[in-house]
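Protein chains in written order, with full-length UniProt numbering: chain A, 1 to 274; chain B, 1 to 274.
Take these hints with a grain of salt, some might be off.
If chains are identical, the list can't say which one is meant, so a pair holds when it fits in one copy or spans any two.
[What the hints assert, rightly or not] Pairs of lysine-lysine residues, derived as DSSO-like cross-links and limited to a Cα-Cα distance of at most 30 Å, are as follows:
1. K147 x K267
2. K178 x K267
3. K246 x K267
4. K267 x K238
5. K107 x K186
6. K267 x K107
7. K158 x K107
8. K178 x K246
9. K178 x K147
Derived from the structure by calculation, the hints contain no laboratory data.
Protein chains: 2
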Amino acid sequence: MADVTERDWRPRYVQLAEELRDRIVNGELPAGSPLPSEPELAARTGMSRTSVRNALRELREWGLVRAEQGRGTFVRAPKVRVTRRNIERYQWEKDRVHQPEEMRRQKGGTEYDTGLEVHQLQFHAEYSTVDASEEIAATFKVQAGTKLLRRMYWTSAKTEDAPLSMSVSYLIYDAVAKNPALLDDKNEPWPGGTHHQLSTIGVEVDHVSDHVIARPPTPSEVEILRTEPGDWILSIRKISTGVDGKVVEVADAVYPADRTELVYGIKLHPWEKK
Amino acid sequence: MADVTERDWRPRYVQLAEELRDRIVNGELPAGSPLPSEPELAARTGMSRTSVRNALRELREWGLVRAEQGRGTFVRAPKVRVTRRNIERYQWEKDRVHQPEEMRRQKGGTEYDTGLEVHQLQFHAEYSTVDASEEIAATFKVQAGTKLLRRMYWTSAKTEDAPLSMSVSYLIYDAVAKNPALLDDKNEPWPGGTHHQLSTIGVEVDHVSDHVIARPPTPSEVEILRTEPGDWILSIRKISTGVDGKVVEVADAVYPADRTELVYGIKLHPWEKK
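Next comes chain A alone, as it looks inside the complex (with noise of 0.2 Å):
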């Protein structure tokens, strides 16, 4: 028969994981330490071994705690928070392609976002070329199969091994190709970056579009952003599209969720005066 009496009608592990999420929260248990052991814990809550083990996985599936074989489980550390202001970001972006050369060759888009400088950064690029899959053609308004400039970036800092960030880049081929130099990955970091090449073939962008989803990530985003197992990412596919109206790129970037906020600052039209 259930006791009507008993104030807190969850699961006994549950219970015990709040507690333990609460010490966490609250700072009593600080990144990197470790939590009380299995046994300790059903010593003092008098729970099973089952129990507890339960308690623990909910912390796991919180994203709180890390368990280490052999070792215990650990109060996760959390890592640095990226915070990226993609409006401001966007426009400062475009504006740089005025920039004399020396300015675009010291500042790009990761020394922006972090704060970090060229030399504190390790930047990759590669290009190849594609056939436009249905959904990327439907995007760009040509036919699928379109040959298209495919650009995977990412960038590091020089201290830590998993990258900042991960975007892939796409822009149709023919249209670049009016300018060969925007098809050879050894002329990256190009200074002042995809503005600044699409305005060596008579673009400007007018307008873009962030389209942000959160999913698990795929096994080579694993594998190149380092997650943890039961980690999600944050993904952005950005396009943009030009002043006569054409889509001009489409790029998808990927930032591990637990260490990236996305800011958008957004200004309302005042109410018109009666």
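Take the given structure of chain A and dock chain B to it, following the hints.
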């Protein structure tokens, strides 16, 4: 000795997981269908049961399949994705304030997002008062402990159990108390929503910023949003600032990440003509 002629150096369980992943992604194994059983997979691949189980665990971690106790492993049904265009939405919410009440009654934010109509949705609101935490107080630029009106909202489609969204909004109690009708959740859903409520105390919102992160859900979010184990949520902290430069509302909205897409459309300023 490693066989260097072996083309694929990855562990075999990863190869099996990726093969099954491809069959799910290309639709050969559609949503809801069972995966082959562990013995079948072991027999077909010549792999051990442990390796097969490792492969299935990978697929679960990627969010592609769901294990059902005693029944087997099933391809997860992708849920209906809700697209939220907050830039347009916030402007729409602001402009709606000057519509006649009859129109304001007909369409709220969730109707706007989903295309559903008022009679298809179940709306819930629950008000309470709380003392501002350090963090919320810092956002409002008030003393910690300042009295806040805390308003919790969730909306579900009448045909579905899990709500489409869930949000908590904070307002400065003393500011809002100038219109006592704003303190009573029985007045919800308020025709015209928060912008209209604020207009009754002379507040016009000037700008809003969305701070987007993805994270594992808290236990109460799991309960309300009915997320599956391993699912993450998208969380948006929305900070609204009035025309006088003061923060007037801080709100946190959470969405199940596997069914939500956020779209931010960004118009860039033109290059100056030289």
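Against the structure, the hints come out as follows:
1. K147 x K267: Between copies only: 28 Å across chains, 39 Å inside a chain, cut-off 30 Å.
2. K178 x K267: Only across copies: K178 and K267 sit 27 Å apart there, 38 Å inside one copy, limit 30 Å.
3. K246 x K267: both (26 Å within a copy, 14 Å between copies)
4. K267 x K238: Both ways: K267 and K238 sit 21 Å apart in one copy and 13 Å across, limit 30 Å.
5. K107 x K186: Within one copy, since 18 Å is at most 30 Å while 54 Å is not.
6. K267 x K107: both (27 Å within a copy, 23 Å between copies)
7. K158 x K107: Only inside one copy: K158 and K107 sit 16 Å apart there, 52 Å across copies, limit 30 Å.
8. K178 x K246: For K178 and K246, the Cα distance is within 30 Å only inside one copy (17 Å; across copies 51 Å).
9. K178 x K147: The answer is within: 14 Å in one copy meets 30 Å, while 63 Å across copies does not.
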